[in-house]
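Number of protein chains: 2
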Amino acid sequence: MSCNAWIVSIGNELLIGRIVNTNAAWLCRKLLILGFSVKRVLTIPDSEEDIVEVVRECVNRGVRVLILTGGLGPTYDDITSESLAKALGRGWEVNSEAYSMVVEKYRSRGFEITNYRVKLAKMPLNSKPLPNPVGTAPGIFTIEGNTYIFALPGIPSEMEAIFSGEVEKILGEIGSKTYFLEGIIIVEGVPESIAAPIIDKYMKKHGEAYIKSHPKGFESSKPVLDIRVLVGGVNVGNAEAECSEIVRELSGELVQNGGFIRSTSIQRLNH
Amino acid sequence: MSCNAWIVSIGNELLIGRIVNTNAAWLCRKLLILGFSVKRVLTIPDSEEDIVEVVRECVNRGVRVLILTGGLGPTYDDITSESLAKALGRGWEVNSEAYSMVVEKYRSRGFEITNYRVKLAKMPLNSKPLPNPVGTAPGIFTIEGNTYIFALPGIPSEMEAIFSGEVEKILGEIGSKTYFLEGIIIVEGVPESIAAPIIDKYMKKHGEAYIKSHPKGFESSKPVLDIRVLVGGVNVGNAEAECSEIVRELSGELVQNGGFIRSTSIQRLNH
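Line order of the protein sequences matches chains E and W.
Quick note, our numbering runs 7 ahead of the 1-based positions in the first sequence.
Quick note, our numbering runs 7 ahead of the 1-based positions in the second sequence.
If we strip away everything but chain E, and leave its shape as in the complex, we get (with noise of 0.2 Å):
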């Protein structure tokens, strides 16, 4: 079963460049270490129209795990949760289980429910509510056909926090078992143009691997290559092999194309 995902960030503020979208790389970074691949990020309006379109479109190519953020807040644009219940052709109630959530955060510092929060209560039929540690709306968790959906705060703290106490576990069972390795090198007196075809070479040797340079200087002037050596693999004794194997090898390459190594590391990225 293929383990891909789709990211999906919702809000005009990230559409008219007032806000960096932060979660998405961080949810990038977990989905790839609990072994999901991530195959599109999108950033869409506050729209109902939108947010139907898209979830449709994921459901139908049977991507196995779609993350929405943002729109769930008590304001009118505030749209995630409705349109998700519109997208499935499901009924939008309150659930019971949110509404207690709900209920004890804003009791227990002196607020009354009104109809403003009791929206955050409000769930496609046959969902099951994500506890929010930090903020008051309780994420979403449902599943529709090969897809399981999960929608969270567009807040980086209330977003990290249903993700790392829930949404991880629920990955945990579906994710493929596989431990990844980074190794960095890091090159001096090399332009990117003279590495490319001997990284070129190195993913040619070992189809597994994802090598890539990030120039950090002027590409023919002063260069320096910082070069990235991602190794993924069932067996972590295997894969540590291959990855200290290519940094090696390729390090080796490099100095006698004229580079000064700076320095090399490898790093295990999850497990």
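A portion of the hints provided could be inaccurate.
Computed footprint of chain E on chain W, listed as stretches where at least three residues anywhere in the stretch have a Cβ under 8 Å from a Cβ of chain E [as the list claims (entries may be wrong)]: (1) 50-57; (2) 75-89; (3) 194-200; (4) 213-223; (5) 257-270.
Everything labelled a hint here was simulated from the structure, so no lab data went into it.
A virtual CB, placed ideally from N, CA and C, is assigned to each residue, including glycine.
Place chain W on chain E using the hints.
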């Protein structure tokens, strides 16, 4: 004519969460003040299939402006230019103007022209290269149907330099001539769920304004809201008057609801 725009960020390094997509936020802001409404930001892998699919979808929908970032470099996985040619059903050949730019960059620094470097000058037929004052890969500008298409490097300094040097001029000709004003209200002591119906009311009263509250503390204990009022208009005086009115009246109503106004301000975003 609709002045909508899509931004497509290309790169596996974004999808594994190594890099935060700051380019997208920077471009969204620039496009807004040039009079375009960004409807979608997508991040996709360095994959011909995905690039072709997304470019064709965008052109078929008649989106006015498509900006691609990433994948213009010399490495084997930099396939944006070739994939763009395929999406548009055009040949992919050395562009003589681009070739001169690339040769000049390398020769002036004593580097030879290799196949990996010539690749930087290959573009879809009927493209115009955009000078890159920071790096070696020129940007690409071409038109297909109703869509102005720009392909820019993924490295922020290069992307920004090409955009500011060339893209802004081209878009200035086709964008809507709209002035943007942003009002900012920082208010303490009003939870977002109290502010929501008030903001809702002002959004309905001022159909063209976009008002959004960003909670800065826990919603129900010690709330601080950063409220942004975005007003656009073809007449700058009218837009300023409307923005001032909303900020003044909205602040007043927040005070009536127990709020303390820490600060208000209004600024022009363009022209």
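Here is how each hint holds up against the structure:
no.	hint	result
1	50-57	holds (count 4)
2	75-89	holds (count 5)
3	194-200	holds (count 3)
4	213-223	holds (count 5)
5	257-270	violated (count 0)
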